[in-house]
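J.: In case you want the letters, here they are:
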Amino acid sequence: MEAIKKPIRTVWDIPRHEQFAPGHNMCQGCAAALIMRMLMKVVGKDAIVAMGTGCVEVTTTPFPYTSWRNPWLHLAFENTAAAASGIEAALKALKRKYGIYKDRYVKVVAIAGDGGTFDIGLQALSGMMERGHDVMYVVYDNEAYMNTGIQRSSATPLGAWTTTTPVGKRMRGEPHPKKDIIGIALAHRIPYIATANPAYPTDMMEKFRKAYETRGPSLVHVLSPCTPGWRIRNEHSIHVARLAVLTGMWVQLEIVNGKPRVTVKVRKRKPVKEYLRLQGRFRHLTDEEIQRIQEMVDRYVEEINRWVGEEAIGPVEA
Amino acid sequence: MASAVAVRGKEEAGRRERRRIGAKGNFAAAMAVRDVDVDVAAIYPITPQVQIAEKITEYVANGELDAEVVPVEGEHSAMSVVVAAAATGARVFTATSSQGLEYMHEMLYIASGLRQPVVMALATRALSAPINIWNDYSDAFGMRDTGWIMIFSENVQEVYDNIIQAYRIAEHPDVLLPVVVTLDGYILSHTVEPLEPLGREEALRFAPKHPRGYRPVLDPDKPMTFGPVGVPAWYHEIKYQQVRAMRESRRVIEETGKLFGKLYGRSYGFIEEYRMDDAEVAMVSLGATASLVKAAVDRLRREGVKAGMVKIRVLRPFPVDELVKALENVEAVGTLNRAISYGGAFEDPLFMEVAASLASRGILKPMASFIHGMGGRDIFVREVMEMYKKLMEHAKAGRSARRTYFWGVKGHNPDDDQKD
Amino acid sequence: MTESTEPQGVERYLGKKYPRTWDEVPIAGIVPWPGNTEELPKHSWRTIRPVIDQEKCIRCRMCWVYCPDSAIVEVDKEYTNKKGRTFKVSYEVNYDHCKGCGICAFECPVNAIQMVPEER
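Protein chains in written order, with the numbering used here: chain A, 1 to 318; chain B, 319 to 738; chain C, 739 to 858.
No lab work stands behind these hints, which were simulated from the structure alone. Treat the numbers as computed from the prediction; the structure is a model and nothing was measured. Please note that a few of the clues may not be correct.
[Said to hold, decoys possible] One-sided excerpt, in silico: chain A residues whose CB lies under 7 Å from chain C:
hint, residue
1, 7
2, 11
3, 24
4, 235
Here a beta-carbon is modelled for each residue, glycine too, at the ideal position from N, C-alpha and C.
Put together the whole structure using the sequences plus the hints.
T.: Right under this line is the structure:
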């Protein structure tokens, strides 16, 4: 199937064809599985995927099986962006020298998790963005090293329990706020940056489509609720993802050539408590600690509103 | 299958005027890369290979080479880029040294495990700490179990010839393994020597390109999953396939070296024997160090000592039978290396290979290993002659050295290495 | 020269589907069978199963959209409900791929999907 060319406005614009096969080993209710399914529908068959080590990689390619219907390459954990750079450079050279795929656009799609992007893969990502490779980079962010069993990453949010940010007398979960990967991408002045969320599938897919259409590096940062890692019910993963947006914990952004826009506006925010209380990883938080997170989100929302020049995310509902 | 290409190549090469120039080893490497028409090169500066990167970009800037040069942010990415580009069907190249090789170490296994015909030049250099930019073979020996075919060069001409051959070997349908070609840091990388390049036309005839249609590549028209999870039920088999490919490469390396000789007059094998016909003691060495050993052999011969030398050209796959054949009639065998295996059965990793080769074929004779020249320390011909004399003592006593001799260490008597 | 480096075709590297011995494994463990996890049933993962009430279903597509396992199948099967409304499509569950997460039932705006216990 070809890549989606027309804007995705409603769920009826989503093609029926499944470019990403079921039968993979991702957990029940895994949002990353849904993200992959939607991503591959958008990019279609003429995309080469470079994937970093992580949940999706190990659960979709147990030899002799694969869930991928695209050419797909896994090298290692920290080099997804470098692998993608190499594929893109080769496609350029082969097209120029031998006319391979000369009448079609073959897109390079890099996919990695938060560990493979925010932490160990940051250098390769920076190199890829700075060199201007025509690569669409999708980070599915489940906010910890879930593949190895819920260890904190620099994408783990403030206060979250993980196996390496345990809750005890002296430690109360993750002590640091989440790293600002969007700010890092912005600093590289790449043409397209977006945040997305599987609870808003048309918004997410439209962002994938725009990243696909971009000629040059693009980054789509997708929140990916993890049922075992976040200690949430299987059926809640979309619900929780939606609450992240409705509480202002997660803002649906799109930054085209440096110009920011909020794509999913929230007139009245829900208190962050509604997002936190559904998740076992935040169960230990006291009212005071929740209040501190609320204040952090308030500041974040204020910052975003100032940046986009409108009240895209409104006040907390009474 | 007889190849018309090869025959035609021979005739035309014979007619062509041979051009001889002076070039540093680094430039010879870059020239070879230009002549085989590499599609993607990843470059990152590290001493002493950096001129290779400079020269390749210069060729691209001048239009002498049509390639995508990816100026990566580190060697790990350099190897990642070329492995991915090779998997997409491109002919690829990168070069590194020392810490750079260590930094990409993880990717070395992935290049060979994914069976990608990557070619890399390694300007050999000591490893930190302490930091040292000068030549030894610590970096090269550190990659001997990474699944790469390893070819050592003795002089600038060999650097060029080996890289051209490396592409033919790496991309051979029966091999599909990465190849590293070494050049001794500074000693070859920065030394101007005479060089007869083949030129692009000839190089491409010798190592023809097939960007599509002969090996699996990342291709939307035939989608495949490269690098899946090698589950316990299949990892073992996939690794055995790799072993078989490495074994198979022996035949290809041999044929390639012979063909090169037939066409261009410079023949290459797994080893090079120097004055071994009637030799009584033999030293095994490699790289540019072999030139030094040859000089020592010449002087010893003048003194009436029946000395010989065997140069290992191909370290992987290790030429067991060739080496055994060369050494079976000498009285004693020594090795001279510039790399240390700390705490190994012997500190010289080359010696362990040589000793295992002989022992596995039931040959026992006095042997001794010598390490000198770490981190760019000069080895003098006179010192190599002393090593030969030490080896002759072992021959006479009918006893092997118990440990590796460390030569040229200030305040250290190598004989002390044999004491408990 | 006894061996040519001329192309001999990609097929020789692709092994057998599915391999039984080392020499039948595709080179480097490449998987040349795109999307073949589809052959792997996941029903044993389930403790509960979704059952769609075609009468209640308003064909909003949300269950199909949100399913992480492509286990809700959209079929061109016309359905007329008791109120006389006709739909062009219907949604069915592929019980081979369904892992029983319950997202479809939770997200369904009209509660047309029930999660019922698996009985063994």
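J.: Determine for every hint whether it applies to the structure shown.
T.: Here is what the structure says about each hint:
1. 7: violated, 17 Å
2. 11: Result: holds, 5 Å to nearest chain C Cβ.
3. 24: holds, 5 Å
4. 235: holds, 3 Å
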